[in-house]
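With these hints in hand, go ahead and build the complete structure from the sequences.
Chains A and B supply the protein sequences, listed in that same order. The working numbering numbers the first residue of the first sequence as 7 and each following residue consecutively. The working numbering numbers the first residue of the second sequence as 7 and each following residue consecutively.
Hints should not be assumed to be uniformly reliable.
Identical copies go unnamed one by one, so any copy, or any two together, can satisfy a pair.
Derived pair list, reagent style SDA-like, types lysine to any residue, alpha-carbon separation capped at 25 Å [unchecked claim]: (1) K294 with A240; (2) K294 with E243; (3) K294 with M207; (4) K307 with P264; (5) K307 with E271; (6) K307 with D267; (7) K294 with G274; (8) K294 with V58; (9) K307 with A107; (10) K294 with D267; (11) K307 with A60; (12) K307 with N54; (13) K294 with R57; (14) K294 with E252; (15) K307 with V322; (16) K294 with R241; (17) K294 with E248; (18) K294 with P245; (19) K294 with L242; (20) K294 with Q61; (21) K294 with I247; (22) K294 with N253; (23) K307 with G296; (24) K294 with D276; (25) K294 with N249; (26) K294 with R244.
In short, the hints are calculated from the structure, not lab data.
There are 2 protein chains.
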Amino acid sequence: MIIDCHGHFTTAPDAHENYWTELMESSGSLPSAPIISDDAIAEALTGNQLRVAAQRGIDLTLLSPKASAMGHHVPDGRIARAWSEAANDLVLRAADLFPEALAAVCQLPQYPGAEVGGLVDELTRCVEAGAVGVNINPDPSGGLWSSPAITDRYWYPLFEVMSELSIPGMIHVSGSCLENVHTLGAFYLHADTTVFMQMIMGDLFEEFPDLRIVIPHGGGAVPYHWGRFKGLAARLERPPIENLLENVYFDTAVYHQPGIDMLVEVVGLDNLLFSSEMLGAVRGADPKTGIDYDNTLHYLKSLLGESESLERVCAVNPRVVYPRLDA
Amino acid sequence: MIIDCHGHFTTAPDAHENYWTELMESSGSLPSAPIISDDAIAEALTGNQLRVAAQRGIDLTLLSPKASAMGHHVPDGRIARAWSEAANDLVLRAADLFPEALAAVCQLPQYPGAEVGGLVDELTRCVEAGAVGVNINPDPSGGLWSSPAITDRYWYPLFEVMSELSIPGMIHVSGSCLENVHTLGAFYLHADTTVFMQMIMGDLFEEFPDLRIVIPHGGGAVPYHWGRFKGLAARLERPPIENLLENVYFDTAVYHQPGIDMLVEVVGLDNLLFSSEMLGAVRGADPKTGIDYDNTLHYLKSLLGESESLERVCAVNPRVVYPRLDA
Chain A
7 MIIDCHGHFT
17 TAPDAHENYW
27 TELMESSGSL
37 PSAPIISDDA
47 IAEALTGNQL
57 RVAAQRGIDL
67 TLLSPKASAM
77 GHHVPDGRIA
87 RAWSEAANDL
97 VLRAADLFPE
107 ALAAVCQLPQ
117 YPGAEVGGLV
127 DELTRCVEAG
137 AVGVNINPDP
147 SGGLWSSPAI
157 TDRYWYPLFE
167 VMSELSIPGM
177 IHVSGSCLEN
187 VHTLGAFYLH
197 ADTTVFMQMI
207 MGDLFEEFPD
217 LRIVIPHGGG
227 AVPYHWGRFK
237 GLAARLERPP
247 IENLLENVYF
257 DTAVYHQPGI
267 DMLVEVVGLD
277 NLLFSSEMLG
287 AVRGADPKTG
297 IDYDNTLHYL
307 KSLLGESESL
317 ERVCAVNPRV
327 VYPRLDA
Chain B
7 MIIDCHGHFT
17 TAPDAHENYW
27 TELMESSGSL
37 PSAPIISDDA
47 IAEALTGNQL
57 RVAAQRGIDL
67 TLLSPKASAM
77 GHHVPDGRIA
87 RAWSEAANDL
97 VLRAADLFPE
107 ALAAVCQLPQ
117 YPGAEVGGLV
127 DELTRCVEAG
137 AVGVNINPDP
147 SGGLWSSPAI
157 TDRYWYPLFE
167 VMSELSIPGM
177 IHVSGSCLEN
187 VHTLGAFYLH
197 ADTTVFMQMI
207 MGDLFEEFPD
217 LRIVIPHGGG
227 AVPYHWGRFK
237 GLAARLERPP
247 IENLLENVYF
257 DTAVYHQPGI
267 DMLVEVVGLD
277 NLLFSSEMLG
287 AVRGADPKTG
297 IDYDNTLHYL
307 KSLLGESESL
317 ERVCAVNPRV
327 VYPRLDA
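Shown next, in the form of structure tokens:
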């Protein structure tokens, strides 16, 4: 059993993508979400995520809405809610259509200054409809970092419900609103790193010992700079960063062998979740090796073989972190 | 001969630190820079950077002003100039006092919206006084990324003079102005990564084939995510990222063995410059190994031994990238 913990519905039908434009252009009452058939959803997935997963031997993918299109930078609660509901309904329906191959992870109706109650409501709705995880955007402004740190009490009502419902949170920003900061090649990695540093500075898991947080994209810059973070924690008189590994997991969306090798060596098998972020930031294969850049299962197998270690990263840990997968 | 390409005068005499406060509190005409004796400068270094360098066997350190205190976020050209001159004079005098052990790298009087002519003037002044390199801040706003990308024509007059004078530029931001983005644990690494992505998107080195750019802190997240950047370049129809290695170098300020091992494997010896960023982000030793976190020479020696490879990273490449070291 191979479970990919980080997939996005980046290939949603045009009618869904167009709905965002309609929302942006609306004035007064909002347009309704488009009616999209089961067939259209199925077709959008079978030729893309499901095809690649089957090729690579991935049994189950945790599918969340397209991250760069979460639209959280628009400071309008009605739009945030309408868009999140539409995006979440798509991944929930996708999981219903392909229950063996897909499980849903929802986004939240975030925007800068959003009241957290609205986020809790949408999370609860989605979990009742089958979602097993949630993406949390630590910077809905798209680069200005104007929201409270992830360790701030602002988030506590959300973390309380997540703890109650056994729902882990993946840290994931949306598109960069800063012209010179590339969304896929800078902002995503920056957010992963920034939030880890916020967790070093805060006491989140003393408050929420059962909360589980996933840092995607191999933890941004964190495992590569593990010694830097260890030294910073010591200098700032914070607890050892290893303590965070009680609650924090890293995904394996790192797109070359040496990066995967280092990630496994530094973080250790118990805190890794197999992921490809597929279909995500990159497409195509390295011309030197012929291996698809995002075929992280290949890198893991090259390092670990068909072993108990591979099983731990690809099947055991995902079920520990996402216990609702077994429900 | 061991040359450390990334050191900061983080231990400058109090009178210098106080000068910043005086500048901030001034109205009307600016206060003059404080008079600091040679003895005070020498004392600030002999017990700190020079002591540690001697302990570790570092022969020569490229010393630049304290990066987090460059003060570039203050949008006042007079203050930027006064402060940069004072900070640069300190490192220039330090290099004059210890010509065998130190060489000066200057900062620029940057601020958001600064005209580039003032930057060129200060660079020229410092090079005439002995500086061998310059730190370039790609985001003087301290996190808002409001300045043109490093590949923008805005910077061209500076790059022209750097090319003429054989002066390489190290990309280095100053303090983060965003409360939730830690300067040392997030913003520095973010800037390194962001600028590499800007260089993927731009055509800087077609315009300036002789320009050399150094990305500090081991390249931020870049070597760890080398496959991601390769895949992004392909997806965005940009040239292979390996082309950038004609002009771009990474320092070795990565504070643990697995990170250094991966950096060397991915980037290769020819594009690495030995660096410790000392005294910098972290202090103290890993309690497990007893090795100082920032003793990057130890990690390099563990990997490479006392070899021609070590010589290349620690002595040969620095002289190639900083040709004025031999002047």
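- Query: Should K307 paired with A107 be assigned to within, between, both, or neither, using CA atoms and 25 Å as the limit?
  - Reply: within (21 Å within a copy, 48 Å between copies)
- Could you figure out if K294 and D267 sit no more than 25 Å apart (CA to CA) within one copy, between two copies, both or neither? both (19 Å within a copy, 22 Å between copies)
- Using 25 Å as the alpha carbon limit, work out where K294 and I247 are close: within a copy, between copies, both or neither. between (37 Å within a copy, 14 Å between copies)
- Message: My question is about K294 and E252: at a cut-off of 25 Å on alpha-carbon distance, are they close within one copy, between copies, both, or neither?
- Response: Result: close only across copies, 20 Å inter versus 39 Å intra.
- Message: At most 25 Å between alpha carbons: which applies to K294 and V58, within, between, both or neither?
- Response: Within one copy, since 20 Å is at most 25 Å while 43 Å is not.
- Message: For K294 and E248, with the copy left unspecified, which applies at a CA distance of at most 25 Å: within, between, both, or neither?
- Response: Between. Shortest inter-copy distance 13 Å satisfies the 25 Å Cα cut-off; intra-copy 37 Å does not.
- State whether the alpha carbon distance between K294 and A240 is at most 25 Å within one copy, between copies, both, or neither. between (42 Å within a copy, 13 Å between copies)
- How do K294 and Q61 come out at 25 Å by Cα distance, when the copy is not named: within, between, both, or neither? within (20 Å within a copy, 43 Å between copies)
- Homo-oligomer pair classification [E271, K307; C-alpha up to 25 Å]: both (15 Å within a copy, 20 Å between copies)
- Message: One pair to classify: K307 and D267, alpha carbons no more than 25 Å apart. Within, between, both, or neither?
- Response: Both ways: K307 and D267 sit 11 Å apart in one copy and 21 Å across, limit 25 Å.
- Query: How would you classify K294 and L242 at a CA-CA limit of 25 Å: within, between, both, or neither?
  - Reply: between (44 Å within a copy, 18 Å between copies)
- Task: Can you give me the call for K294 and E243, within, between, both or neither, at a CA distance of at most 25 Å?
- Result: between (46 Å within a copy, 17 Å between copies)
Violated hints for the displayed structure: none, as all numbered hints are satisfied.
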